[in-house]
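**Q** Here the protein sequences come in this chain order: A and B. Add 1 to the 1-based position in the first sequence for this note's numbering, that's all there is to it. Add 1 to the 1-based position in the second sequence for this note's numbering, that's all there is to it.
It cannot be assumed that every hint is accurate.
It does not matter which identical chain is meant; a pair holds if it fits inside one copy or across any two.
[Stated by the list, open to error] List of simulated lysine to any residue pairs, SDA-like, C-alpha gap at most 25 Å: (1) Lys242 - Ser286; (2) Lys146 - Glu200; (3) Lys242 - Gly53; (4) Lys397 - Gly231; (5) Lys409 - Arg162; (6) Lys386 - Leu410; (7) Lys361 - Val82; (8) Lys409 - Leu87; (9) Lys386 - Ala159; (10) Lys288 - Cys40; (11) Lys146 - Pro234.
Read the hints as simulated data drawn from the structure, not as lab findings.
Number of protein chains: 2
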Amino acid sequence: MQELFNAVTVSKARALMSRHLSLPVRAEKMRIPSALGHCLLDDVTAAIDVPGFDRATVDGFAVRAGDTFGASEGMPAYLEVAGEVLMGQAPDVSLEPGRAWRIATGGMLPTGADAVVMVEHTEELDERTIVVTRPVAPGENVIRKGEDIEAGQLVLSAGHRLRPQDLGILAAVGITEVEVRRPLKVGIVSTGDEIVSPEQTPGAGQVRDINSYTLYGAVLSNGGEPILYGIVPDRFDLLQKKLAQAWKENDMVLLSGGSSVGVRDVADRVIQSLGRPGVLFHGLSIKPGKPTVGAVIEGKPVFGLPGHPVSTLVVFELLVAPLVRLGRYPEEDFLEFPLRARITRNIRSAAGREDYIRVKLVLRQQELWAEPVLGKSGLISNLVKADGLARISAEKEGVEAGETVEVKLL
Amino acid sequence: MQELFNAVTVSKARALMSRHLSLPVRAEKMRIPSALGHCLLDDVTAAIDVPGFDRATVDGFAVRAGDTFGASEGMPAYLEVAGEVLMGQAPDVSLEPGRAWRIATGGMLPTGADAVVMVEHTEELDERTIVVTRPVAPGENVIRKGEDIEAGQLVLSAGHRLRPQDLGILAAVGITEVEVRRPLKVGIVSTGDEIVSPEQTPGAGQVRDINSYTLYGAVLSNGGEPILYGIVPDRFDLLQKKLAQAWKENDMVLLSGGSSVGVRDVADRVIQSLGRPGVLFHGLSIKPGKPTVGAVIEGKPVFGLPGHPVSTLVVFELLVAPLVRLGRYPEEDFLEFPLRARITRNIRSAAGREDYIRVKLVLRQQELWAEPVLGKSGLISNLVKADGLARISAEKEGVEAGETVEVKLL
Chain A
2 MQELFNAVTV SKARALMSRH LSLPVRAEKM RIPSALGHCL LDDVTAAIDV
52 PGFDRATVDG FAVRAGDTFG ASEGMPAYLE VAGEVLMGQA PDVSLEPGRA
102 WRIATGGMLP TGADAVVMVE HTEELDERTI VVTRPVAPGE NVIRKGEDIE
152 AGQLVLSAGH RLRPQDLGIL AAVGITEVEV RRPLKVGIVS TGDEIVSPEQ
202 TPGAGQVRDI NSYTLYGAVL SNGGEPILYG IVPDRFDLLQ KKLAQAWKEN
252 DMVLLSGGSS VGVRDVADRV IQSLGRPGVL FHGLSIKPGK PTVGAVIEGK
302 PVFGLPGHPV STLVVFELLV APLVRLGRYP EEDFLEFPLR ARITRNIRSA
352 AGREDYIRVK LVLRQQELWA EPVLGKSGLI SNLVKADGLA RISAEKEGVE
402 AGETVEVKLL
Chain B
2 MQELFNAVTV SKARALMSRH LSLPVRAEKM RIPSALGHCL LDDVTAAIDV
52 PGFDRATVDG FAVRAGDTFG ASEGMPAYLE VAGEVLMGQA PDVSLEPGRA
102 WRIATGGMLP TGADAVVMVE HTEELDERTI VVTRPVAPGE NVIRKGEDIE
152 AGQLVLSAGH RLRPQDLGIL AAVGITEVEV RRPLKVGIVS TGDEIVSPEQ
202 TPGAGQVRDI NSYTLYGAVL SNGGEPILYG IVPDRFDLLQ KKLAQAWKEN
252 DMVLLSGGSS VGVRDVADRV IQSLGRPGVL FHGLSIKPGK PTVGAVIEGK
302 PVFGLPGHPV STLVVFELLV APLVRLGRYP EEDFLEFPLR ARITRNIRSA
352 AGREDYIRVK LVLRQQELWA EPVLGKSGLI SNLVKADGLA RISAEKEGVE
402 AGETVEVKLL
């Protein structure tokens, strides 16, 4: 039980790592829209107003709002139709009092006009005259010049990860090329004398490598560039050689496997031998995932992840994913476990330890419920059946059926 | 207001589309791990048991559980240490009663052993003898042969989209190549005489194309292959030519723009002219997103999306995203809006209409709250500020501050 004394919480582990981390920022120019999913290197500022003119948001008539004040069904306002706005063109003359211009959604208001009356609130008396049966306020049914984006305004911040709508706003301000941060390279090494590659047929006592592939997928789906280094036997010299190579060639190294004490010791000593400051914590006060080693070697994170597939993915989500995505741990982390669901059964948990339960999500009477997928953390099938991970915080000694838990989709 | 009568609900729109949809299934062989994010074409079945042997899940001693029954601190069981299991190897002799084999996590139990005693619950008297201070039940601290996956078992179902852990299970059963569904090709056309490309400086009355880029990103992040067809003027012949080309070259077509009545009519007639059965609905009973046209032309979906950037993305999420991801609308859709958050202010909504509100998510006293990002649906900046979309169902006439709403992250 000695290890439990050294085990640190996830937030402590993050703090320890953060103190020594120094992940490189490599710039790459990318055109939109291919920059999707990449992180901006610099703030993006708009050079122009969007829209560049007062723009109608409905079909109808551009008017001076004052000309419609007091208008009603019984006492409509009469306006002279003086012209029609053509899409994509500036009206050539300004709107005189008492007049209206026909305008379609997206059209540019003529000078003098300050609102648009919806066509539904008008009637055409003849080709030159409409009656307006409802007043409009100044600015009504109009997006004003610069109302969406003002020239000089910060549009997106440095570090922001580009979503579809962010590509849209870049297009809106005419930015078709951005500098983004290149994906971090993550070396993945598996260790264990019992591990064989998926191509091989396992002999007695052997199992195929699962973690390399789960981790590859997890790195990729967080925007990183995974590189597989294969399986290394549990020998100090071989492991050291492979890890040193992976460390040199990547921004981050994930060593998986070695849940037995002997192998863990080797992995530990190897990581420690790579450089300074070395191992920062042995053991996390979470379940599953306790036998985790966290190290930083000359600014690059190196993680010794547990051998069990479930534990490995849990620790990846908690400690590795944010680094791959952002190059750092976020300050606000409440969106890491954004779902709230009620648990379907009692789950016991030790106080002082965070528990992560694999759950299937189901809907019962319009409420989201989390159904624990029970089973040992060594089972990959367990993880495949799960929709998400539910967190039981360290302060609690478990949750009772019906209690709300925080869930992250897997 | 005539349109409102024709407007259909989202589920009605899905049903109408589904009746005529026939999206192609093109197979592609892919190696794991690069198959991440792709949908399996066929069921995957395990050819072997995983693990292929009874496997220790802790460090300790492989024993016959019966030999430890009744053991306690005061009355321990004495066992003779008869050997040590080497990782990745089959123990060569079986375990005799009264004996124990040293074993590490992941090791193979010798024949005769049915449980593992944790090293923490033993003491070594001498090199040949241990005392066991706690009994183990048969199967304790063991993953039995086939307990994770049984030979013949369905591992992943046809249509399943591969997540990181799914790559892991494929590796576990030795499947290194799978047939996946090729990404669906989605042609994107923008229309509007006022729209210019992002490379151009907009003149008076002109705005840059936003939707092509938002939609490109949205298609890509749902696993599709987007193809941009640029901007077409609002003329029947030009639009027909371009849409016919996009329809021919793709599995699905998205036409965006044309929120004004005149342009909508042209878009409508053009889509109708492409083939059978043609337009299935005009107008959705949602806000924003009402002016949407849904069509199927010889099995391929064609959508006329609203011109406003917010409306376009809302409709994309509701009607297009599932088709791009899965090639169909899912039966269970409760995970489409998986988050629950309390809304920070009253929002009015018309009964009979689903409302989609852009929200920022914030944490207040450990609870998730959704803060509406107010503003017109024509504003792209609105969408960039939002973390998600909150849904107000058609039955409700709005929500009051503090009420819980369903949210989808954007």
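**Q** Taking the earlier hints as the rules, which of them does this structure contradict?
**A** 1, 3, 4, 7, 8 and 10
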